[in-house]
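Trainee: Start from chain A and add chain B according to the hints.
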Amino acid sequence: MIEFLQQLINGLAQGSIYALIALGYTMVFGVLRFINFAHGDVFMLGAFAGLYTAPSLLKLCGGGPSFPGAAAVLLAAMLICAVIGILIEKLCYRPLRDRPRLTVLITAIGVSLFLENAGQYAFGADPQSFPEIITDRALEIPESWGALSALTLTVGQLLVFGVTFFLLIGLRAIVRHTRTGMAMRALSFNPVAASLMGVNTDVVISFTFGLGSALAGAAGILTSIQQPSIDPLMGINIGLKAFVAAVLGGIGNIPGAALGGILIGLLEALVVGYINPSYRDAIVFGVLILILLVKPSGLLGKPEREKV
Amino acid sequence: MIERTKILLLVAVLASAAISLFAGQINPYYYDILISIGINIILATSLNLVNGYTGQFSLGHAGFMAAGAYGSAWLSLAFGYVLGTSAAGTTTMFVLALTTGGLIAALAGLAVGIPSLRLRGDYLAIVTLGFNEIIKGVIQNAEPLGAQRGLGGMGQHTNFFWTFALAALTVYVVLNLVHSTYGSGFLAVRDDEIAAEAMGINTTKYKVLAFVIGAFFAGVAGGLYAHFKQFIHPEGFNFLRSVDIVVMVILGGMGSTAGVILAAILLTILPEGLRALAHQPWLPDSLRPIAENRMILYSLLLIILMITRPQGLFGGPGLKRRKA
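Protein sequences, first through last, are from chains A and B.
For the first sequence, the working numbering assigns the number 1 to the initial residue and increments by one for each residue that follows.
For the second sequence, the working numbering assigns the number 309 to the initial residue and increments by one for each residue that follows.
So that you can see chain B by itself, here it is in the shape it has in the complex:
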């Protein structure tokens, strides 16, 4: 298992490097969508570690993304000149910025993980949502981070290679973690916390660990996003962004990495497809707003999915059993 995933990781990294060479020939619109897909894969896979594998329903992933985006952007803006403008210098700086963003987000993850020890289910969902709002609120009031105006001027360092190599790394880390002997603790916490604790599993450690690792990768995704769009705004990391990521995880199936990746791809393309559909001449005018507002469809999808197939489109029987 480990060996095979290592080879897959290597193949994925090499493939993204190879495709990256031809990135100049990709239509900018499609390139934009491709990068968004990569970033969403990182976000959804890392959230899946928390929501899917560990069973801690988090509704604040965009908050961690914001922490990473602002952390890395701030580092780039404040210290970007230190290593010079050579290719090696900017790349090193970019990697440093992404790591810093990830670490800041991980710290935020630690802060959220600790209350999660005492809370479960819906309470935890609300607290993570609250943390998302708090992170947003802090940024909105932080002058050095542009406050309400947003923050811009980072170089566009994010490219195809970095996005997909890091996406592959995220998938690799999450998969190996949950399939290792050590990581079966995550699944045990999800399946039955009380039984896991009785078996001597340190549930506290696993829950916090899931939050910290999940937040780290969300922060990296935020850094990639900041250095791709070159402008970030607190409202870009609101509750609805968190819901976007949660929908990917639920649609793909909580605890199914392949499903979640597929859902991330699908749900990144879907709004674009709908937008194109909205401009088709044959579409009745009254339906145009529905096509343009993806959330109407997403929300219906969520409700119908939960009633008919709560394990998601591709998930195994993750959400059954306990009637708590």
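Chain A with its partners taken away, still in its complex shape:
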């Protein structure tokens, strides 16, 4: 039982990361109807943004690892990623706005490969250790909790839960209660009608890319504080899994992406804990194929009718 709970905690932590990345896939799909293949690599850039900004930001916040320092690094990475996301859209996807979706997909694959390989060139291909922006240690669970005190919960995991929760609430507020959020929803509902009603499509699309990329940047930092090293190819696998999560929840559906991410994280943890770690990837992709066959609109998505 304790082992099961432990797997749930681990799965929930990993699932929160997937959820943050999946949100970017789903929001971009909502407004542009295409899969931004390069999104996983923006997550990688977030981790590297943290690597390069951490030393000076930590010094500003008083030296060693601390909460304000970690928050500053997190914000810096989110900002840098937002700018990168907006730039990618402007340079690579905007010229293709009216082209077939396949052309855009191939471009996105190109952007993804470019970021991975240019990353290897710029940052070096070898894994680098991420600076300690917060001391990641196991929390003491008091004896009085009985059997539960055998659980391991780390500061990093707690931070992941907290930041993810906060970001999800913030995103919900932006999407539901701001004018830009309303424009985003209008655009994903009907692009033509939205632009007829005075929605500035370009601005809203840029904003969506910025928002999604900022979340991916946050996920990059949250992942890096928990694992020993980062490398330029770290975004491929996590990006694909997050995409599966977005499809599982129903692509284009924001709560769906969060739900899908957490479910995929839990599934992975259970596979690792009870079946065989080396089947983890294959099972996640099996879930993708299954969901596309059985309910392509995802758990929370609405079926979309294709118009001739």
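These are computed hints drawn from the structure, not numbers from a lab.
Glycine included, each C-beta is placed from N, C-alpha and C at the ideal position.
None of the hints are false.
Partner residues are not named here, just some residues of chain A that face chain B (Cβ under 10 Å, in silico):
{"hint": "1", "residue": "Arg99"}
{"hint": "2", "residue": "Leu105"}
{"hint": "3", "residue": "Ile251"}
{"hint": "4", "residue": "Gly286"}
{"hint": "5", "residue": "Leu292"}
Pairwise CB distance ranges (calculated):
{"hint": "6", "chain 1": "A", "residue 1": "Ile2", "chain 2": "B", "residue 2": "Val403", "range": "57 to 67 Å"}
{"hint": "7", "chain 1": "A", "residue 1": "Thr178", "chain 2": "B", "residue 2": "Ser594", "range": "42 to 52 Å"}
{"hint": "8", "chain 1": "A", "residue 1": "Leu60", "chain 2": "B", "residue 2": "Ile577", "range": "48 to 58 Å"}
{"hint": "9", "chain 1": "A", "residue 1": "Thr180", "chain 2": "B", "residue 2": "Ile612", "range": "24 to 34 Å"}
{"hint": "10", "chain 1": "B", "residue 1": "Leu621", "chain 2": "A", "residue 2": "Leu196", "range": "32 to 42 Å"}
Mentor: Just chain B now, kept in the frame of chain A:
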């Protein structure tokens, strides 16, 4: 058309047999590149049937190649002794191994083709990518196939003749198929699936058929690869290998066999040329890694090509029209 291609096939097979006689005199390094070119032509031409002519964007061709490579290698290793060590015996065994590899890959193609009935565009791309990962994952966990260690010890049966005769056969089959009355169904599915269905074309059958035939030849290419390198490893058939093949098809022009063959040749030589360039003394040190990592150039090529010339270097207007 049919007659002419038949003659061309015959000429190509005879030419590869003739050149094969002199294979011993070719510098081993160039020989290696030549065989890679042949294998890549098979891979790119067969993927072109799926991606170019049928318009089903597949991102998992390396998975089929892996199925064929492991299938044929396993047969060679397990039953290679049955037919003896005579020239006729080993050749028969080799052909059997290649066919088995192709058939196993075709089965995998069937498995991927069936979900493709319900999916299109980007979804299909992701599912094929997923299948690639699943095939890789299964191999990585299969002890009889060497799991993570890779599989080695197959005889080097692949030679110039087999590689290029099979490449010619692949081109022949694909060209004849899509230019036949029967095969115009592939083009119809690509051009407008809904209209094709309304005209009474069984789009399901054509999509699955494209996957099965494409996968079969990818499997044969995998068998050739396994019996040339004599060592295969699951990581050799990963997503990036699939991308390599897709880049060939896109660069050549989806739906243009001549273009795709040219692109396969070009993109096999290019990394070698770049590697040679990386060792030139006059090249600034900072540019050396770029020359050694072909993917930086490939990815830029993809992006620029899609923005300026989405039909590929040699392709006709295949990718225009529909704004879906």
